[in-house]
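Novice: What follows is the residue order along each chain.
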Amino acid sequence: MMSAAAPADRTAEILRTVEELLIEVVGDELTLTGPITLATSFNADLELESIEFVALAEKLQQHYAIDFVAWISGKQLDEIIQLTVGELVEYVATCQS
Amino acid sequence: MARFLFVVPPLTGHVNPTISVARALEDRGHQVAWVGHPGAVCPLLPTSARLFALSEHAPAELVAQVTDRARTTRGAAALKFLWEDFLIPLARQMRPGIEGACDEFAPDVMICDQQAVAGSLVARRRGLPWATLATTSAGVTEPLAGLPEVARWLRELYASLEREAELEPAPDGERSPHLVIAFTTEAMVGPRDQFPAHYRFVGPSFAARPETTPFPWEALAPGPRVLISMGTVNAESSGRFFATTLAAFADPALAGVQGILVAPAAVLGDAVIPPNVIVRPYVPQLALLAKVDAVVSHGGHNTVCETLANGTPLVVAPIRDDQPIVADQVVAAGAGVRVKFGRVQAPELRAAIRAVLDDPSYRAAALRVRDSFAAAGGPAAAAALLEGLS
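From first to last, the protein sequence lines stand for chains A and B. Note that the first sequence covers residues 1 to 97 in my numbering. Note that the second sequence covers residues 98 to 487 in my numbering.
Misleading hints may appear alongside valid ones.
[As the list claims (entries may be wrong)] Quick list of the computed label-pair ranges, beta carbon to beta carbon: (1) A:Val69 - B:Gly126: 45 to 55 Å; (2) A:His63 - B:Cys139: 39 to 49 Å; (3) A:Arg16 - B:Tyr379: 40 to 50 Å.
Because the hints were derived from the structure by calculation, they are not lab data. A virtual CB, placed ideally from N, CA and C, is assigned to each residue, including glycine.
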């Protein structure tokens, strides 16, 4: 899923930051079932609640100045259901390049 | 005198509010009938009610499927499932029977529950005046406003029904352009000037239902009491939440507070029940609500309305569908605290319960909502509005 524009170390760095932001939003127990990877899905794996999506959007806005809500708003229902952490990381990388 | 036909889905919460409205119409000299699935609808209606029966085969399967999937599906996946696998097939299944009921009953006005989507198709085909019943207060909100692609998907699903019914596509065609009656008030959904003029808020429509479930009233303690009810559909999937609740009540901070937990014993396993908690598989909810000081709920619209009608504050832990929206309305009204169903831990739940019991602002807000319900007119106001369509 990763674009060629995002080198591996950059990807890993964004993934770590996204994981930190998610833990700030959700709490420590988020990682009890294992580390968050690029393949982790927001709906099926993390079971993110709607208020957590809103909180995550605020954190991404503060940290990366990206508009998560606008990004999600362009998505189809199936894309939202299957949305992975990797897609978010790729989007952050694209915004920064 | 006019003839009013109610179109209802095979869902208890959507049939109950029609009963008092129908009685109010009859009191005003009108004739009423229902069209729906007898297995689900008949037990709820008065014995004298006239019901045009839809075929039973498909909905029984559909409802079983829905109940099953509802236990495991949440979030966006639940939205997809609700429409693609339930409401749209249900509409296809219901439409011919509704046409037949209209041929026989010749209604002057159709009153269509928002989830009985086929009602809107038949009313539009026949050019009849019709009203939409928004049974839940989430029904008048626009939850997809920020998700244009998802809104397009939903419009296309309805458009496929319009094409089958040989109707010209209409924007928002599943909601009546004449009258949308919502069983809520501005205290819950916000100022009415943000809604179209034909949206009318009449407050909840409670059916006077006989409560025969036994309850050990003598076991109620004199101190503050909290009812914990997560809805019948969700009881099986609420094991973690119930365990958290028991842990919260075992803490000294809630020592003087009694919890009445509605849960099947099997879901609790071998959990230790603290002495200040009563566990019952079913309760006479209306009678009990008059005797508790706070309610912990999944945010189902009926339980929330019945709680607020008592002026009682809530802790809401929404699970799916309209529940997050209803929960946000409770919080916005100041009448409760929201916690996360899937993740809340005992200290946070305990603090939320203490907050709604101790901070008088929650009760004051719940009393404001109660007063708004009482002033909204209820079923009689709905009947007067419906009369205006005939």
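Novice: Hint says 40 to 50 Å; check whether the CB-CB distance for Arg16 of chain A and Tyr379 of chain B agrees.
Specialist: holds, 49 Å
Novice: Does the Cβ-Cβ separation between His63 of chain A and Cys139 of chain B fall within 39 to 49 Å?
Specialist: violated, 57 Å
Novice: Within 45 to 55 Å: is that where the Cβ-Cβ distance between Val69 of chain A and Gly126 of chain B falls?
Specialist: holds, 52 Å
In this structure, the one hint that does not hold is number 2.
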